Structure formats: C-alpha cells, structure tokens
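Chemist: Residues in the sequence shown are numbered from -7 upward in steps of one, following the numbering used here.
The set of hints was computed from the structure by calculation and includes no laboratory data. Please note that the accuracy of each hint is not assured.
Subject to a maximum C-alpha distance of 27 Å in a straight line, what follows is the list of computed DSS-like cross-link-like pairs (lysine-lysine) [as the list claims (entries may be wrong)]:
id	residue 1	residue 2
1	K260	K61
2	K260	K175
3	K208	K100
4	K144	K127
5	K121	K176
6	K61	K175
7	K254	K270
8	K254	K208
9	K175	K121
10	K326	K298
11	K176	K100
12	K144	K61
13	K260	K208
14	K127	K61
15	K208	K61
16	K208	K109
17	K339	K326
18	K254	K61
19	K176	K254
If you're wondering where the values come from, they're calculated on a predicted model, not measured in any experiment.
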Amino acid sequence: MNEYTFYDSLGTQGIPRYFADAKKISASNDALLSFINSISNDDIASVLFEDSLECFATTDNVIGSYECKVNRETASCGLELIRVTASSHANIEGLQYHIQLDALLTGKLETTSQTQKETTVFNGRTLTKVTRLNKITDGYEINRELVENDEKSHDNIFYTNECLEGFISEGANLILQRLMTNKKSLFPFEAVGLDSDCVPCLLTYVDLGDRNIVLKGEEINTSGIERRLQSSATIPTSWQMYFMTDGHLVLRMQAGSPVTMKVSEIPKRFVQDQYLRKPDIITNTFDWQEDTELSSRFLSRKDAIKADHFQYLRNNPVVNDMLSDFLQALLMHKPENTVEFAIEYSKNTSSHSLPTRLFLSTNP
C-alpha cells in the first residue's frame, strides 16, 4: 500500500490519502477482452459520429444538454488514435454543474490520456475537480487537482498495469457502448473502472433488452445497456442507456438522479461510406517480335512509313540538295560536336532567323 498526500495552495501538507495500488480487482473480463480483440478498423469507423441530447428534470423542462463526439486523430509518432470529447451541463434548482471530458484511445480502447473537469456551483461556492490520467510504460499515472473557491489541493496516484487489467476509462466506455450495440455483443461484461475517488472498482455491463421509444410521434426500436460501478467506498452507481441500432444514444438515466437525458429529434442514422476495393491492375509486357499480330502490324506500318518518306523525297527534290550542302559543310568544318553543328546549319533554312555563326563564317 502506498501513501499519497494532498497539498494545499501554499504547499503545506494536507490530509494523507491511501490507495491500494497493488490490489487487483477480480473481474471475469475474458468476454470483454475477447470482444475488444475482435474490434476492427471498420468497427471503429462505424462509431465516428456525434450524439446530442437535452437534459430534462421531473417537470419536463429543459435544464441542460449533453454532447459527445468521436473522431480519428493521428499522433505525432504516426499512431492512429481515437479522440473522444464529451460535455454536459445542467441547472437543477440552483445547483449548476458542468462536466468536460477529453480522451485519446487506441483502436483496442486502451486509454493513452484522459482529462476530466467537473465544476459545481451552489450557493455562491464553486468547486472544480480536474483529473488527468496518462498511460506510462508500466501503468497509469493520475493527477488530481481540487479547487474550492481559493483553496487548492492536489495528489498524484500510480497504478500498475496488473492492477488495472481490463481497465475501461470514461472515454473508452462511450465508444464501448456504441460498439456493443453495433456488434450485438453477448452480455454481461465485467471490467475494471475508477470511482469518483480514482479507486479501482468492478464495472459491469448488463443487457436491458429492447425497448420502443416514441419521439416526435414516431416509434423507434432501441436496445438498452446498464452500466454499474460497484465502488467499495461509496454506494454502487448505475446508468441505463438506450441506443438506436447504429449506436446513437437516445436516452440516458442515472439511478437516484432527477435528470434524464434524451434526444429531442430522431438522430439521422449513421451510414458508413462504402468504397470499392482498389483493383489489382496487372501490367503485361508485350514482345512484338514474338507476337504474330503485333509483328505484322509493325512491319506493315514500317513499310507504309518508308513509302511515305520516298514519296516526299520525290515530290521535294530540294531536300537532296540541302542534304548535299550539309554534308559538304560538315566535311569543310569538321566540327567536334556534329549535333550542335547541324542545329546551327539548319537555322539557315529559316527565312525568319538571323544569320548564324556558321553562315557568317562560310560567307564572308
């Protein structure tokens, strides 16, 4: 057992906190690990969309909202990651709260980093809690900061990989539930989570079956998932979520909370873009001398070109005189660069060009 200590804003020692980072939570997570290993790139692509819900109190008045976005992101090292951003805010009888979440995950739902900020305002007092989680080589490092008005405290926690085997963070949970709905996975699942004090606890997912929900006069079929967080320090917490067949969240309830989150409009069903597989184009090498048809075409064309050439010479006898003059000039000058000499000589045949060096030297 390791000891971690809070410090206030002046750097003085606060209340000691103890975290059993060597204690492993016993979870039958074989089904979860099997499910995670089955996740493909196409599965991830099917959950890259946005959810938007409104918060309602018991009076059916809108008191807040909830948004969640999932998209791909490439890290500086070139690794393809998934970014999850979510936020919710509400005002319940003078109690205002605002929760923000930003997480980066791998394709197998391993959390590389996560920042969660919770702000509560009540009776003029503001309480802000920021929890930062980062994956390091041999485990997870957690930094928590608590600010109440002008008083600040913080602590650092470390858990080994063995302690958090089968860990599902808040960000990973949002993707996992969408994937469970899309892939119609078998329940129940057990995993490891963190409670509000960042203490490892058992996390379970239970199938709630199908439920028809009426929105804007239209009935839609949804499937439900219950998520239970069984903390040893506080009472268990559970959430009930209902999703459309494509993974869109349409209803969310927390046990004991007067707030219900639900969509005001039926989400447009997510349709993943389909691309045709790039065809395998085989480049064939043709040997015209070995191919009878190609050889015949080449030879017949060759004879036609030669015939056209001779016909041109017969129609333009001046060409022979020009060639004779060129050869005579070539013998007279005996240039080192025959090609350059031919270029200079040919300029004399143009009525628009100036006299060349060759012309000036041969015609004083």
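Chemist: Does each hint hold? Answer for all of them.
Modeler: Hint check:
1. K260 to K61: holds (15 Å)
2. K260 to K175: holds (19 Å)
3. K208 to K100: violated (37 Å)
4. K144 to K127: holds (25 Å)
5. K121 to K176: Violated - the C-alpha atoms of K176 and K121 are around 36 Å apart, more than 27 Å.
6. K61 to K175: The given pair, whose Cα atoms are some 20 Å apart, holds under the 27 Å limit.
7. K254 to K270: Given pair K254, K270 is violated - Cα atoms ~42 Å apart, limit 27 Å.
8. K254 to K208: holds (12 Å)
9. K175 to K121: Judged against 27 Å, a Cα distance of about 35 Å means the pair is violated.
10. K326 to K298: violated (30 Å)
11. K176 to K100: holds (18 Å)
12. K144 to K61: violated (31 Å)
13. K260 to K208: holds (14 Å)
14. K127 to K61: holds (22 Å)
15. K208 to K61: holds (24 Å)
16. K208 to K109: Violated, at roughly 34 Å.
17. K339 to K326: holds (18 Å)
18. K254 to K61: holds (16 Å)
19. K176 to K254: holds (22 Å)
Against the hints set out earlier in the document, violations occur for numbers 3, 5, 7, 9, 10, 12 and 16.
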